[in-house]
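Chains as they are written, first to last, in my numbering: chain S, 269 to 563; chain D, 9 to 308.
No lab work stands behind these hints, which were simulated from the structure alone.
Treat the numbers as computed from the prediction; the structure is a model and nothing was measured.
Beta carbons: idealized from backbone N, C-alpha and C, even for Gly.
If a hint is listed, it holds; no wrong ones were tucked in.
In silico contact screen, one side only, chain D against chain S (beta carbon under 8 angstroms); selected entries:
1) ASN11
2) ARG18
3) TRP21
4) GLU22
5) ASP111
6) LYS112
7) LEU115
8) SER119
9) PRO121
10) TYR304
11) ASP306
Some residues of chain D that are not near chain S, with every Cβ distance over 10 angstroms (derived):
12) ASP70
13) THR263
14) GLU283
15) ALA293
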Amino acid sequence: MTAIIEARGLSKNYGSTQVVRSVDLTIQAGRIVGLIGPNGAGKTTVIKSILGLTSFDGGLKVLGLDPRTERDALMEEVCFIADVAVLPRWIKVSQAVDLVAGVHPRFDRKRAEEFLAKTDIKPHSRVRQLSKGMVTQLHLALILAIDAKLLVLDEPTLGLDLLFRRSFYDNLLNDYFNKERTILVTTHQVEEIENILTDVLFIEHGKIVLDSPMESIAERFTQLIPAAGNVDRARALKPFWEREIFGRVAMLFDGRNVAELSALGETRAPSVADLFVAMMQPVGTAAVSPSKEAA
Amino acid sequence: MNNLLWLVRREVWENRSLWIAPLVIAGVILIVAAFGGIHVDGKDAFWVGTGDDQRLPAIDVDLDKRRMIYGITISVFSMIQLFVLAIVVFFYLLDSLLNERKDKSILFWKSLPLSDTEVVTSKMLTALVLAPAFVLVVSGVTQLLFALVWSLRFGGTQLGNILMPWDGSVWMNVQAAFWLLAPATIVWYLPIAAYLLLVSVWARKNAFLWAVLPPVALLAIEGMLMQSHHVADFVGRRLSGVFEIVNFEPSPNITADTALAEVVRHVGRVFIHPETWFGLLAAAAMIFAVIRIRRYRDDN
Chain S
269 MTAIIEARGL
279 SKNYGSTQVV
289 RSVDLTIQAG
299 RIVGLIGPNG
309 AGKTTVIKSI
319 LGLTSFDGGL
329 KVLGLDPRTE
339 RDALMEEVCF
349 IADVAVLPRW
359 IKVSQAVDLV
369 AGVHPRFDRK
379 RAEEFLAKTD
389 IKPHSRVRQL
399 SKGMVTQLHL
409 ALILAIDAKL
419 LVLDEPTLGL
429 DLLFRRSFYD
439 NLLNDYFNKE
449 RTILVTTHQV
459 EEIENILTDV
469 LFIEHGKIVL
479 DSPMESIAER
489 FTQLIPAAGN
499 VDRARALKPF
509 WEREIFGRVA
519 MLFDGRNVAE
529 LSALGETRAP
539 SVADLFVAMM
549 QPVGTAAVSP
559 SKEAA
Chain D
9 MNNLLWLVRR
19 EVWENRSLWI
29 APLVIAGVIL
39 IVAAFGGIHV
49 DGKDAFWVGT
59 GDDQRLPAID
69 VDLDKRRMIY
79 GITISVFSMI
89 QLFVLAIVVF
99 FYLLDSLLNE
109 RKDKSILFWK
119 SLPLSDTEVV
129 TSKMLTALVL
139 APAFVLVVSG
149 VTQLLFALVW
159 SLRFGGTQLG
169 NILMPWDGSV
179 WMNVQAAFWL
189 LAPATIVWYL
199 PIAAYLLLVS
209 VWARKNAFLW
219 AVLPPVALLA
229 IEGMLMQSHH
239 VADFVGRRLS
249 GVFEIVNFEP
259 SPNITADTAL
269 AEVVRHVGRV
279 FIHPETWFGL
289 LAAAAMIFAV
299 IRIRRYRDDN
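Kindly generate the complete structure, drawing on both the sequences and the hints.
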């Protein structure tokens, strides 16, 4: 099976700052991959490299093409929403549909029109007259009607309210995703997408720190809330993260047997959000008070 | 080719000032012709200049002179419309590749299978072919409407006799002259258009300043250090159009019927002038740079 995205030693420097440090990653077809990381971790740079929007060092193939030299061919198979509200403000809804239909060989006009008919967007409105949520709906309508092999979404729902965000991902799953398609998404709202992801990639300081299918996350990581007397025994098993909530301690373990842990208290699979917080704040820092952190 | 057509259509949708400005100027010309305070003095004389010698008493004006006056008048209309177009196109080019980054719509354009070459070409075509062609059509029609307005207002009067409202063959000659001048003019101004796009794709803001400052600074430095004005001459020649480089001097016995031939004879020389070809080479290099820079330009 050929990989949709394959990066080997992908790096990017801005002057002397290295924002992406020799990233290796492979994304297979039919996956929904979340690229998750704090601000400035290099998410957007990785995405821009994949989309041929920025130069980079190292090897990167997207659909077998080099985004630096074969971008024009690549864009027939790849579509993306980078940032909300990038549709030109002067364009009319009908013009936007005409234009994408005119230039994109894989655009299904009927599909876009059906999607738009379900919204409050009027064909004669200009983008500048639409609300932020409607602009995103319009953009989604255009993108979902393109039969692309890879869809890249970079913070596609930033600044939208919960209802729009929810329906955005519902539409994505129900109307778009199938076995031949691959979606790569970055977002701050990890909780909202973790249920739709098949794989997660954590990125920190320009390095991939976790690259895992969702199903192996539950196998590999365990969250334990030890019973009152068992905290020290649990600590002896070397959790990589812990925190105190309402007087109870929650710990995260990597690669420990669940049976061994469940003898000490309550165990469950951690959420991606928990795992993200834990991995971005290794042992020690979580317990540090904010004033010391500032120092 | 299909993509290019859609991209040009997009420029037409987006930049309505390119189409509205010539129509507004046409309207102004017609309103002035209809209601302007055009003065005819007691001797029924018509002032075509400021000096007394340029005053043409109505009775002395023969048909050749009247046709000449008509030809010059409608040519001036066209020139006004083209001059306004030049200003609109100047800002259109200067803003076109900057604005798409400012409002981030470049991320939408780049998500479509459109190459940088196609995008840049569509802007050049819009600025240098489509918009001028539109203005020439509009100015031709303006002159037809002028005929109607002028004959309704001054038909049968002395003034109507001096500035005739209509002469079919002169009108045709003027249209032909402007359309024939167009290719030479486009070639001559191509480097300026490419320079404006280069500033547009490169600047993060204040494109106007970036476009104007370098030549002005060079000109000032040269003036101060060497007391010469080669840069000023060069910029002036590039801005003033094709008649300057071919030393166009109308012959003393030029008439409305020979003017077109004189224009044609001189315009051909633009294409054999070395400066035209140096300009084209510079334009090609700048357009190449524009395409390369747009490829990875990123303000975020």
